[in-house]
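*Asks:* Letter by letter, the chains look like this.
2 protein chains.
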Amino acid sequence: MAKARVTITLKKTIMDAQGQTVEKALHNLGYEGVGNLRIGKYIEMELNGAPATELPAQVDEMCRRLLANPIIEDFHVEIEE
Amino acid sequence: MAKARVTITLKKTIMDAQGQTVEKALHNLGYEGVGNLRIGKYIEMELNGAPATELPAQVDEMCRRLLANPIIEDFHVEIEE
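If you're matching them up, the sequences are chains A and B in order. Plus 13 on top of the position in the first sequence (first one is 1) and you've got our numbering. Plus 13 on top of the position in the second sequence (first one is 1) and you've got our numbering.
There is no bait here: all hints are sound.
Given that identical chains are not distinguished, each listed pair holds provided it fits within a single copy or across any two copies.
List time: in silico SDA-like cross-link candidates among lysine to any residue, alpha-carbon distance up to 20 Å:
hint, residue 1, residue 2
1, Lys37, Met14
2, Lys16, Glu93
3, Lys16, Gly48
4, Lys24, Thr34
5, Lys54, Leu23
6, Lys16, Gln33
7, Lys54, Ala30
8, Lys54, Pro83
9, Lys16, Glu74
10, Lys54, Leu79
11, Lys54, Phe88
12, Lys16, Asn49
13, Lys54, Gly32
14, Lys37, Glu74
15, Lys37, Asn61
16, Lys54, Thr34
17, Lys37, Cys76
18, Lys24, Ile84
19, Lys16, Arg51
20, Lys54, Ile21
21, Lys24, Arg51
22, Lys37, Glu57
23, Lys25, Val35
24, Lys37, Gln71
It is worth saying that the hints were derived from the structure and are not from the lab.
Required output: the full structure, derived from the provided sequences and hints.
*Replies:* Rendered as structure tokens:
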């Protein structure tokens with residue numbers, strides 16, 4: 014059984030209002046050194062059945078079809094055997 | 014300047030309704046091998062000013078004070094120099 018970890022973030026050119034709000038809150042708590050904070054989604058799943066060589070392409074396809082919105086989001090896939 | 018990457022997930026003992034829904038949707042799209050899918054948050058930020066040795070403890074503190082809810086969520090911090 015393999016494990017996949019997917020992180021999905023807004024593209025750099027898209028304003029991340031949620032991230033800006035959290036960054037301001039951290040500044041108010043005294044963490045002045047925090048900058049460029051961005052918030053995204055994290056998805057982890059187990060993968061059974063498919064051959065290991067096909068997994069990266071399969072998870073990539075899942076992201077494009079369902080998990081992410083490729084118009085405004087970037088995604089990054091890590092597979093752990 | 015260092016970079017921190019934080020992943021926040023519901024504790025294993027807490028039901029993840031959103032994750033279950035997405036897992037079912039993937040099954041319906043033909044990805045039958047997907048199991049135990051869980052959805053969480055991903056936060057990345059730049060860290061300036063503080064000494065590198067203090068960063069892990071500082072980000073850990075941010076998670077406990079603001080970013081995560083330690084009662085129901087686990088978090089994992091990675092620092093990249």
